[in-house]
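Asks: Combine the two chains into a complex, taking the hints into account.
Here are the chains, one letter per residue:
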Amino acid sequence: MALTEKTEVDKCEVLSNGVIQARTALVIERDGVEISRKYINRKVYHPGEDVSNAPDMVKKIAEVEHTDAAITAFAEARAAGEARRLAMSGG
Amino acid sequence: MAVTKITRNGIVGFASALVQTTEANAGDNLLLNASDGNATNVNGSILSETDNAILVLKSHGIDFKDDSMHVESGSTLKIDSGATITNSGTSSGFGATISNDANNRVITADGSGGLNGEANLTFDGTTLAVTGTVEPAGDTSAADNAAIGYTAAEGLILTGQGSTDDITIKNDADTTVVNVATGGTDVEISAGNIVMGTASKGIYLGVTSATAANLLDDYEEGIYVATVTCSSSGNYVLDTGYDTIAYTKIGNMVHIVGYINVSSENSPNGTIKVSLPFAPVAMDEYAGSGYTRGGTIVGHADGTASSNVMGWFDSSEGAFMPFYEETHATGAVTSLQHDHADTVFSISVNATYFA
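Chains V and H, in that order, are what the protein sequence lines are. To convert a position in the first sequence, counted from 1, into the working numbering, add 26. To convert a position in the second sequence, counted from 1, into the working numbering, add 149.
These are computed hints drawn from the structure, not numbers from a lab. Accuracy of the hints is not assured; some may be wrong.
Quick look at which bits of chain V chain H covers, simulated, 3 or more residues with Cβ under 8 Å [said to hold, decoys possible]:
1) 55 to 66
2) 69 to 78
3) 101 to 113
Predicted model only: the values in this text are computed from it and were never measured. The beta-carbon is built from N, C-alpha and C at its ideal position, and this holds for glycine as well.
If we strip away everything but chain H, and leave its shape as in the complex, we get (with noise of 0.2 Å):
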């Protein structure tokens, strides 16, 4: 049977023009026509004055088809708990409209009501990921688990918390490369070394400000084929199984240890002595100078040695050691001169000094 008038709760009764004049059955829609463009009232909303609306009411919701539906002010648009709302296509109704959609961009809003899918900020469900830069504008915290901050006095701030580490900097193979422990105040490089971008850079050791005295910019080991010469002419040739002597330099300081053997000469005239890797340092009157017991001939068979052999570091010698010796009964010095050392002997070195 044809339905030809509702009456409920107050509610104005339909023309027969709006009503669906075809015998509904069992489970069928019901069905409101404003087809002829007058006003619907439905519960007190009203549907829209002047365009053609059409409500169904079916069993497991309100499907609005055509048309818009209108909330008035003062009312609520409620979604139950378990429903949802499917935006099939503009947003037109909700009250805004999202520009530059696509896929997995984040939605901002554009200040004009609107909303705007960012092209250079996405999230797919695992990564946040940002074309530009990301600049935090507050502090962080004790007790944040992974949080980067940003104060003026301090800038860029890196905080977490672990249960191992506080902070951890890893390479792309994942592995540990920088870490602080939990509640340490210790950085600890985990599998590398400390490597300068900058020859000649270094730490400044003991002080909390740049002092130059402080600054341990050099290190340096290795093997250096030492010569044997003379001061005014000619020079010695070693053998070349003993021919090298290590250094290693640390900071300013040179350390030498080694073991040569002189097998011939070549016309030696003058101080005999032996090259250094480094050339000595000029200081303040004999600082960085002095005789070494750490370099010495031996080995030599010269009746007229009665002395002690000493080595000498000096600037204005270059990067050479020449020998002295001192006598034994006046203790006074004097060097020791090609004549005063056979044609074959060895030289030992084990002394330190500053270049």
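This is chain V alone, in the form it adopts within the complex (with noise of 0.2 Å):
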């Protein structure tokens, strides 16, 4: 009986904004046969992030979904929204 354990980007979810969620999973395997699986990170990437670091799967993803009007309006959308919401809250 061998156990082995392994981890792996085992989902990837891309917004619409091409956000990009990567789940990583810690799975034990006893003599190849899968035993347990659990979730051991969640990790973002959003347009314009480095992801020189990222899994291959998310660099792929990135390479498609990250362009640079993807890049743009995700910045665009993020300081109109600080900007309205300290507006909003008196700051």
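Replies: Okay, structure coming up:
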């Protein structure tokens, strides 16, 4: 009986604004058969964010989704949200 | 002594040529031989008119040799109780012939007066095996012990009744997987869970038709390694033993709980914010957005921060919860800048948002 442990990015979700949500799972196998899967991390990659250290799956998705237009749109939305929020709250 | 003539109740006497000439002994059979080709009349029945027929009357039965027996129209061939019919050859003479005869094959009519051994329908005394499909054509009824039915409206129908359950589905290990209690209307998953065969499929709750707002199609629990950054640039370094936050996502609702420690900084500049496991979703107006006391900074010693620290959820921020300060004196809210916190502090979150 051999127990092995590995981590893998088992899910990547892409939102309409280009945000990539990656899930990392810790998988334990006995003789090659999975007996446990636990989610040990979630990392969100926003347009414009550095993905050089991201998993390969995320890099490939970012190449497609993180276009200049998506990066600009996301930054503008973030700035507008910040301004609106502060104005609304008297800041 | 040889028998030369038998007369009884009008039976035609036999010519001497028809009669066994050898003297009979006690226990011998009576043999009537029509070897001359003439008709032989026994008790009103006509044996073969043209073929050689031999009738042997034995003490325990009747044996026709070399030819067939003819039962006329209107007469009855009666087999007494306790007697058996053994078909040791072809079924010719019984009115039907078995085609494709083989062991355990179920016999069906072929529509032409014959019988057919069905290769795909067998019964070995225990199991009725069908190679192909079984298609019921009628409805089941109450009190059926175990029935499979069909109606045009209901399709396949399974019905049963037992003292504990009416319907039981077991796996190959004889373990009950699904059952319906006797007379019950609830379905019980006895020993396992419900697994959707396709990701992102769920259950419509509280409705009888597919309604998107009633679909529960996501559940996930786990932890994530948080990051603390600033809106303009830079970041904070977390203690490796205090850098995870737990989350549970039920449908579109995410709850996060955790306590993380900042141990140092890398040129932070701007609003302090902590990462989230999912990006908040955009809803109408500010639905789904708002400040939360469930996200705050503790242990920071900045003399100017006479305020309450709050987190904020907003889809425009992506998967971050930025922090804000509500000034005690005025109630005004400003973003919590990096210079409003020490190099070392902690962040506590216990909040719910929509993703």
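Asks: It remains to establish, for every hint, whether it holds in the given structure.
Replies: Consistency of the hints with the structure:
no. : hint       : result
1   : 55 to 66   : holds (count 3)
2   : 69 to 78   : holds (count 3)
3   : 101 to 113 : holds (count 7)
When held up to the earlier numbered hints, the structure conflicts with none and fits them all.
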